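Model the full structure from these sequences, guided by the hints.
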Amino acid sequence: MFKRLICFLLGFSLIFPLFPLPLLAFEPSAEDRILLNKIEKDTFQYFTRLSDKITGLTRDSSRAGSPSSVASTGFALAAYAIGGSRGWIAQDYAYARILTTLQTLRRKAAHQQGVFYHFLDVRTGNRVWGSEASSIDTALAVAGALLTARYYPGTEIEKLAREIYERVNWKWMMNGSDFICMGWTPEGKFLPYYWDSYNELMILVALAIGSPTFPVPPGAWERWLRPEGDYNNHKIVYASTGSLFTYQFSHAYIDFRKLDDRGINFFENSREATLANRDYSMSFLGQYKGYSESSWGLSASLGPGGYKAYGGKPGGGLQDGTVAPYAALSSIVFTPEFSTKAARFFYDSYQKELYGNFGFRDAFNLDKQWWSDEYLGIDQGITLLMLENYLNGEIVWKKFMELPAIKKWIELTGLGTRSASTAVN
Amino acid sequence: MLAVIVPLLLINFVALAGLYFGIWSKVLETFSNEQTLNDLVTASRMVEYDQARHPAPNRNFSSLSFFMQTGKLSQRQREIFKGILDETNRSLLWKFSLLLFFLAWGTIFISHKIAGPLFRFSKAFNEVEAGDYRSRVILRKLDEGHPVAQEFNEAMEKTDHFLSDLKTLVQEKDAPQAVTKIKEKLSTVQTSANV
Chain A
1 MFKRLICFLL
11 GFSLIFPLFP
21 LPLLAFEPSA
31 EDRILLNKIE
41 KDTFQYFTRL
51 SDKITGLTRD
61 SSRAGSPSSV
71 ASTGFALAAY
81 AIGGSRGWIA
91 QDYAYARILT
101 TLQTLRRKAA
111 HQQGVFYHFL
121 DVRTGNRVWG
131 SEASSIDTAL
141 AVAGALLTAR
151 YYPGTEIEKL
161 AREIYERVNW
171 KWMMNGSDFI
181 CMGWTPEGKF
191 LPYYWDSYNE
201 LMILVALAIG
211 SPTFPVPPGA
221 WERWLRPEGD
231 YNNHKIVYAS
241 TGSLFTYQFS
251 HAYIDFRKLD
261 DRGINFFENS
271 REATLANRDY
281 SMSFLGQYKG
291 YSESSWGLSA
301 SLGPGGYKAY
311 GGKPGGGLQD
321 GTVAPYAALS
331 SIVFTPEFST
341 KAARFFYDSY
351 QKELYGNFGF
361 RDAFNLDKQW
371 WSDEYLGIDQ
381 GITLLMLENY
391 LNGEIVWKKF
401 MELPAIKKWI
411 ELTGLGTRSA
421 STAVN
Chain B
426 MLAVIVPLLL
436 INFVALAGLY
446 FGIWSKVLET
456 FSNEQTLNDL
466 VTASRMVEYD
476 QARHPAPNRN
486 FSSLSFFMQT
496 GKLSQRQREI
506 FKGILDETNR
516 SLLWKFSLLL
526 FFLAWGTIFI
536 SHKIAGPLFR
546 FSKAFNEVEA
556 GDYRSRVILR
566 KLDEGHPVAQ
576 EFNEAMEKTD
586 HFLSDLKTLV
596 QEKDAPQAVT
606 KIKEKLSTVQ
616 TSANV
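Residue numbers (the numbering used here), protein chains in the order written: chain A, 1 to 425; chain B, 426 to 620.
No wet-lab data here; the hints were simulated from the structure.
Be aware that one or more of the hints could be misleading.
What the hints assert, rightly or not - Examples of chain B residues toward chain A, derived with CB under 10 Å:
# : residue
1 : Asn463
2 : Thr467
3 : Ser469
4 : Val472
5 : Asp475
6 : Ala477
7 : Arg478
8 : Val553
Unchecked claim - Sample of chain B residues with no beta-carbon within 12 Å of chain A, all distances over it, derived:
#  : residue
9  : Leu435
10 : Asp464
11 : Glu473
12 : Thr513
13 : Asn514
14 : Glu552
15 : Leu567
16 : Glu597
17 : Asp599
To be verified - Going by beta-carbon spacing under 8 Å, a handful of chain A positions derived as facing chain B:
#  : residue
18 : Arg63
19 : Ala64
20 : Tyr95
21 : Ala96
22 : Asn126
23 : Tyr193
24 : Ala300
25 : Pro304
26 : Gly306
27 : Tyr307
28 : Ala309
29 : Lys313
No experiment lies behind these values; they were computed from the predicted model shown.
Glycine included, each C-beta is placed from N, C-alpha and C at the ideal position.
Here it is in structure tokens:
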């Protein structure tokens, strides 16, 4: 009997590392949970305050004169649904805001073959700044729209969200290649950049494969590169910039914990990437004032010299002492303990300089005594959705994973059937 | 001399002051416009987003290449500042041309007024050295050095008369009387041969 027990425990300890840790392995204190909820609710306010009341289009940034970003608008759609379900705004108000926004996206927002232009005029929905019809930003907008369809099934919202999704010609966006092109402009046609290597592309490819109208071949999932690298014993498939957001955006909507991609579990990958990113910051302890055990987060953000693709290693590893609180917070589903500690540290230490009506501002740099006075829509969006998944029963994942498009993508790529052994919960 | 330098200095001062205040008032006016500021920041941000997503394009030589500081600007910022620089250069072109003309004219005018007389003096000294005491310095109306030329000419005229008198006395038939007169004349002249 004793031998059996020993064998069982030994076997369990060997198998356990194969399993992704459940989200609740770390339980934040009651105080921390209150803080995280406050941050989520305050972050949510960005979308109600910085979206146009008539069109619903959401500003890219809180800065005066900022155009709307279609990706931010997608996050806004998700935010209204979350805000309505959480009681932060009235349900009928949430419904009205979502409806208005979807009507704008369906009927007014400039697009090419259903692919929205990256930046739109807040009032008219016209293309601005010569921006490109952007595949990833369209995917983020569509993801937000489809999520609202799951929050309000059988309504006009669901109908409009489906129409917007079905209008997107993902196949056209491949431009006859093996990969989805990053963008298209009327002036130069297809950009010379393709989503051909690991980064935030997974949500885009998933929606493109799952499309009921213009699907890309399932092989498009297999083809993009999965470069492997190692930093401080964290071996991961990495994005070229090493920016933390690339490991987070797809995970805002898609629950990768049960999905196995040829032996790679991208949830685990993002957790390791977060740890590597934190370790990379820590390697500059003493060199830069901003980095510490609880102050980390290298991701594309504003900085003293403008918006840059800060990141860790493996990858570009660009850093100058700038810390983006959203980056640490948005990894909360991967590294709940470290992210919660970071949130607590940022809030307690820099509340006056860094925290405002919409939660944490984008970034800071202690060495240069620089504090961002801006919020960026997409950074607010990823913070909100990741906190919602963490604090509210993984609700976004649960709803999104039920979408027929996502089921189709999983089925066609075989992601769900390859390795039941790596699944959790 | 002063009548020339003072107007020239005034012209140059007015031109430079006009340029200085003209350029900077335009720059400040442009940058203090809120809409322009917002547009500039937004334009820069758009490019920074692109640069974060795509590799930076190669930079070509342009008017900004002379300014090292622009290396720290984003592509869009460089485009905007190149536009401002090119426009400023165009507007400055005729002003600088005018300034250059005035400077060239002033330089030539002054150099001619001084270099011309110096040349004439030099020529006169050479003629005297060669034994021609009829040489005189004749200056143009607006040349510098008229008083010196006048004194030089008076001195030359005296010397010319003195030597002419000596030459005349040498040709007299009464030699002893001629020698006495020559000695008398030479006694009024101070030379290094005085004992």
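A quick look at each hint next to the structure:
| no. | hint | verdict |
| --- | --- | --- |
| 1 | Asn463 | holds (3 Å) |
| 2 | Thr467 | holds (6 Å) |
| 3 | Ser469 | holds (6 Å) |
| 4 | Val472 | holds (9 Å) |
| 5 | Asp475 | holds (9 Å) |
| 6 | Ala477 | holds (4 Å) |
| 7 | Arg478 | holds (7 Å) |
| 8 | Val553 | violated (75 Å) |
| 9 | Leu435 | holds (46 Å) |
| 10 | Asp464 | violated (7 Å) |
| 11 | Glu473 | violated (4 Å) |
| 12 | Thr513 | holds (24 Å) |
| 13 | Asn514 | holds (25 Å) |
| 14 | Glu552 | holds (74 Å) |
| 15 | Leu567 | holds (61 Å) |
| 16 | Glu597 | holds (102 Å) |
| 17 | Asp599 | holds (107 Å) |
| 18 | Arg63 | holds (7 Å) |
| 19 | Ala64 | holds (6 Å) |
| 20 | Tyr95 | violated (32 Å) |
| 21 | Ala96 | violated (29 Å) |
| 22 | Asn126 | violated (15 Å) |
| 23 | Tyr193 | holds (5 Å) |
| 24 | Ala300 | holds (5 Å) |
| 25 | Pro304 | violated (11 Å) |
| 26 | Gly306 | holds (5 Å) |
| 27 | Tyr307 | holds (4 Å) |
| 28 | Ala309 | holds (4 Å) |
| 29 | Lys313 | violated (17 Å) |
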